[in-house]
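Just so you know, the protein sequences line up as chains X and S, in that order. Residue 56 in this note's numbering sits at position 56 of the first sequence, and the numbers go up by one each step. Residue 125 in this note's numbering sits at position 8 of the second sequence, and the numbers go up by one each step.
Each hint should be verified, as a subset may be incorrect.
Stated by the list, open to error - Taking CB as the label site, the calculated pair distances span:
hint, chain 1, residue 1, chain 2, residue 2, range
1, X, Ala1, S, Leu147, 37 to 45 Å
2, S, Glu170, X, Asp29, 43 to 51 Å
3, X, Ile116, S, Ser197, 30 to 38 Å
4, S, Glu170, X, Ile116, 23 to 31 Å
5, S, Gln134, X, Pro117, 23 to 31 Å
6, S, Phe186, X, Thr5, 31 to 39 Å
7, S, Gly145, X, Gly52, 37 to 45 Å
8, S, Glu170, X, Thr7, 19 to 27 Å
9, X, Pro117, S, Ser197, 35 to 43 Å
What the hints assert, rightly or not - Heads up, simulated DMTMM-like pairs for lysine to aspartate or glutamate below, C-alpha to C-alpha not over 20 Å straight-line:
hint, chain 1, residue 1, chain 2, residue 2
10, X, Lys73, X, Asp29
11, X, Lys70, X, Glu44
12, X, Lys70, X, Glu17
13, S, Lys126, X, Asp96
14, S, Lys174, X, Asp22
15, X, Lys3, S, Asp118
16, S, Lys174, X, Asp96
17, X, Lys3, S, Glu216
Unchecked claim - A few chain S residues that face chain X, going by a derived Cβ cut-off under 7 Å, partial list only:
hint, residue
18, Gly133
19, Glu192
20, Pro221
Just so you know, the hints here were simulated from the structure itself, not pulled from any lab data. Glycine included, C-beta positions come from ideal geometry on N, C-alpha and C.
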Amino acid sequence: AQKITQTQPGMFVQEKEAVTLDCTYDTSDQSYGLFWYKQPSSGEMIFLIYQGSYDEQNATEGRYSLNFQKARKSANLVISASQLGDSAMYFCAMRDDLNFGNEKLTFGTGTRLTIIP
Amino acid sequence: DSGVTQTPKHLITATGQRVTLRCSPRSGDLSVYWYQQSLDQGLQFLIQYYNGEERAKGNILERFSAQQFPDLHSELNLSSLELGDSALYFCASSLRGHEQYFGPGTRLTVT
């Protein structure tokens, strides 16, 4: 079974600083995908970034990058130059990429990020 | 805007009642997923449909059922509602092997 652990329930970061949100995962699968989603106070879930288990390079999307360390089973999200609009809940999620037809996401418990002006 | 639509946005109903939540996936996406987000259980996968067929089931109660129609929209039916069913229900859609895009959610309150 897949499991996602996010150990930081909440974080406070000064505006314009970089922030790292931790995510560790547990799986026996060889092929899997790792995702980060953002949930603002309005409630919607916004896809941020994806990393495949066989991708050799860390994924980047604008100010977001994923620090993927396969041996440590970690997939930390790094947000550079944080902005007030980054204040939200952030969820790490995993998908089994070999099991066609069962592509459910398993989510962590989330980290609430607050950016301080 | 993810391109996934869900209706209604909010729903308030009483215990024992039945409700239907509706989802329209992004254009071209064949897979639809339903998730439940509650304070005590977090985000949990309920069920997945692919091109009209059920593909995977998660922690979905027997009182809940879903279907995906030929036009690919999906409905989640919740019956004999209990207070504990109050939650945010998300629909997501994807192309196979790609990221899932979530709708805005339906907030269900059972009183």
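Verification of the supplied hints:
| no. | hint | in the structure |
| --- | --- | --- |
| 1 | X:Ala1 to S:Leu147: 37 to 45 Å | violated (26 Å) |
| 2 | S:Glu170 to X:Asp29: 43 to 51 Å | violated (23 Å) |
| 3 | X:Ile116 to S:Ser197: 30 to 38 Å | violated (46 Å) |
| 4 | S:Glu170 to X:Ile116: 23 to 31 Å | violated (49 Å) |
| 5 | S:Gln134 to X:Pro117: 23 to 31 Å | violated (45 Å) |
| 6 | S:Phe186 to X:Thr5: 31 to 39 Å | holds (38 Å) |
| 7 | S:Gly145 to X:Gly52: 37 to 45 Å | violated (21 Å) |
| 8 | S:Glu170 to X:Thr7: 19 to 27 Å | violated (38 Å) |
| 9 | X:Pro117 to S:Ser197: 35 to 43 Å | violated (48 Å) |
| 10 | X:Lys73 to X:Asp29 | holds (12 Å) |
| 11 | X:Lys70 to X:Glu44 | violated (29 Å) |
| 12 | X:Lys70 to X:Glu17 | violated (26 Å) |
| 13 | S:Lys126 to X:Asp96 | violated (30 Å) |
| 14 | S:Lys174 to X:Asp22 | violated (29 Å) |
| 15 | X:Lys3 to S:Asp118 | violated (29 Å) |
| 16 | S:Lys174 to X:Asp96 | holds (14 Å) |
| 17 | X:Lys3 to S:Glu216 | holds (18 Å) |
| 18 | Gly133 | violated (26 Å) |
| 19 | Glu192 | violated (19 Å) |
| 20 | Pro221 | holds (5 Å) |
Hint compliance for this structure: hints 1, 2, 3, 4, 5, 7, 8, 9, 11, 12, 13, 14, 15, 18, 19 are not met, and every other hint is.
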